[in-house]
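> Sequence:
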Amino acid sequence: MITLTPCQCSKPNVMNSVLDLIGNTNLLKLNKITEPGKAGIYAKTEFTNPSGSIKDRMVKHVIEQAEKRGDLKPGDLIVEASSGNTGVSLSMIASIKGYSACIVAPDTTSAVKAGMMTRYGVELVFTPNELGVAAVVAKANEVVESRGAYLLNQFATPDNVKAQNITGQEIIDQLGQVDAFCAGIGTGGTLAGIAQVLKEANPDCKIYAVEPEPAPAFHNMYYGKNLPIPEGIPHKIEGIGESFVPQIVEDHVDLIDGVILCSDFDAMTTMAALTCEEGLCVGVSSGANVWSAKQIAAKLGEDKNVVTILPDTGQRYLDDIYWSC
Numbered sequence: 001m002i003t004l005t006p007c008q009c010s011k012p013n014v015m016n017s018v019l020d021l022i023g024n025t026n027l028l029k030l031n032k033i034t035e036p037g038k039a040g041i042y043a044k045t046e047f048t049n050p051s052g053s054i055k056d057r058m059v060k061h062v063i064e065q066a067e068k069r070g071d072l073k074p075g076d077l078i079v080e081a082s083s084g085n086t087g088v089s090l091s092m093i094a095s096i097k098g099y100s101a102c103i104v105a106p107d108t109t110s111a112v113k114a115g116m117m118t119r120y121g122v123e124l125v126f127t128p129n130e131l132g133v134a135a136v137v138a139k140a141n142e143v144v145e146s147r148g149a150y151l152l153n154q155f156a157t158p159d160n161v162k163a164q165n166i167t168g169q170e171i172i173d174q175l176g177q178v179d180a181f182c183a184g185i186g187t188g189g190t191l192a193g194i195a196q197v198l199k200e201a202n203p204d205c206k207i208y209a210v211e212p213e214p215a216p217a218f219h220n221m222y223y224g225k226n227l228p229i230p231e232g233i234p235h236k237i238e239g240i241g242e243s244f245v246p247q248i249v250e251d252h253v254d255l256i257d258g259v260i261l262c263s264d265f266d267a268m269t270t271m272a273a274l275t276c277e278e279g280l281c282v283g284v285s286s287g288a289n290v291w292s293a294k295q296i297a298a299k300l301g302e303d304k305n306v307v308t309i310l311p312d313t314g315q316r317y318l319d320d321i322y323w324s325c
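So the sequence shown is numbered by this note's numbering: it starts at 1 and just counts up by one.
Among the hints, erroneous ones may be present.
Claimed, not checked - Computed beta-carbon distance windows for the label pairs:
hint	residue 1	residue 2	range
1	S263	N226	18 to 26 Å
2	Q65	I2	45 to 53 Å
3	F126	G176	44 to 52 Å
4	N202	A134	33 to 41 Å
5	P158	L21	23 to 31 Å
6	G258	P230	22 to 30 Å
7	I2	C281	28 to 36 Å
8	Q65	L175	26 to 34 Å
9	Q174	M15	19 to 27 Å
Stated by the list, open to error - 25 Å max Cα-Cα, derived DSS-like pairs, lysine-lysine:
hint	residue 1	residue 2
10	K97	K162
11	K225	K236
12	K162	K73
13	K29	K299
14	K97	K68
15	K38	K199
16	K299	K32
17	K73	K139
18	K299	K225
19	K236	K139
20	K299	K38
21	K304	K32
22	K199	K304
23	K199	K299
24	K162	K68
25	K162	K199
26	K38	K304
27	K97	K73
28	K29	K199
29	K304	K29
What the hints contain is simulated information worked out from the structure, not anything from laboratory work.
Beta carbons are placed, not taken as given, at the ideal position from N, Cα and C, and that holds for glycine.
Could you put the whole structure together from the sequences, leaning on the hints where they help?
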């Protein structure tokens with residue numbers, strides 16, 4: 001006879017849909033890669049969302065709001081420009097809700113991400129990476145016009161920001177007062193949406209944007225600099241650093257207290273440390289976020305905290321980024 005010890009944990013929920021699994025992610029204190037005498041670092045485990053990234057939150061919210069407005073009906077075609085994660089999220093959610101989807105992406109999108117999207121049955125259209133994100137966005141708009149489709153419009157829609165207001169409230173509920181927050185700039189929705197809530201709860205909370213060192217578009221705008229930016233996407237931190245300043249970021253500059261530039265090397269070595277020391281198989285943008293959080297933690301000192309985001313799973317990069325512990 002098997003004797004089982006009653007579980008002391010809370011009873012697991014029974015969900016009706018994969019969509020119900022989106023959000024309410026855990027906030028994890030990083031203990032191994034932090035240093036004594038410096039602020040504690042906490043990370044939102046967004047890679048645990050169903051499709052493997054934080055973009056599930058945004059896509060779900062944007063589509064739900066479009067449905068409420070009557071902009072979408074079952075069977076419609078949804079189009080988006082995406083370097084990968086949004087495309088995967090849209091592919092998953094469109095399949096659940098009965099929409100068709102077309103993803104326009106740079107031709108450097110990882111084979112794993114492209115494969116995940118095609119598994120959901122979406123249409124993929126690629127543009128040359130050397131033409132940059134502007135070409136991806138232009139092609140997406142072309143598809144929308146020619147086929148009467150609905151554009152998700154992640155780079156400009158206010159619903160992107162509102163989706164991440166929810167993430168910000170989760171952080172407040174989990175940690176209480178937050179002293180500093182940092183996140184990479186892709187669309188800017190994560191940074192702006194979370195910053196709004198954290199600043200409202202604590203006006204002294206410092207908000208830092210993170211950009212790849214070779215693509216300092218917002219850094220140049222924020223500090224009035226003119227650092228050179230090569231054409232295309234001149235770095236390895238997929239998902240952030242699009243070589244232009246998104247409309248969402250321009251609209252929320254007042255929330256931001258500084259910009260941190262992270263090199264490919266620092267992002268990748270921190271990503272590897274997160275795996276080998278913290279046991280977290282996450283992507284390169286997680287490395288950039290945590291490396292930046294460490295710089296902030298060093299300045300804040302003890303008895304303070306820094307919150308950041310682990311945006312996606314590292315399993316998507318096993319085909320083109322390899323390391324071992």
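> Between K73 and K139, is the straight-line Cα distance small enough, at 25 Å or below?
holds (23 Å)
> Is K29 close enough to K299, meaning Cα to Cα at most 25 Å?
Holds, because 18 Å separates the two Cα atoms, which is no more than 25 Å.
> Should the hint that F126 and G176 are 44 to 52 Å apart at their CB atoms be regarded as holding?
Given range 44 to 52 Å: holds, Cβ gap about 45 Å.
> Would you check the hint for K299 and K38, treating anything up to 25 Å between C-alpha atoms as holding?
holds (8 Å)
> Do the alpha carbons of K97 and K68 lie within 25 Å of each other, as the hint requires?
holds (14 Å)
> Taking only the CA atoms, is the gap from K199 to K304 under or equal to 25 Å?
holds (16 Å)
> Going straight from one Cα to the other, do K162 and K199 come out at no more than 25 Å?
holds (15 Å)
> Is it true that the C-beta distance of Q65 to L175 lies inside 26 to 34 Å, as the hint says?
Between Q65 and L175, where Cβ atoms are some 28 Å apart, the hint holds.
> Under the criterion that the straight-line Cα-Cα distance not exceed 25 Å, is the pair K304, K32 satisfied?
holds (17 Å)
> Given the hinted pair K199 and K299, is their alpha-carbon gap at most 25 Å?
holds (19 Å)
> Between K97 and K73, is the straight-line Cα distance small enough, at 25 Å or below?
holds (10 Å)
> Given a hinted range of 33 to 41 Å, is it respected by the beta-carbon distance of N202 and A134?
Since N202 and A134 have Cβ atoms about 37 Å apart, the given range 33 to 41 Å holds.
In this structure, every one of the numbered hints holds.
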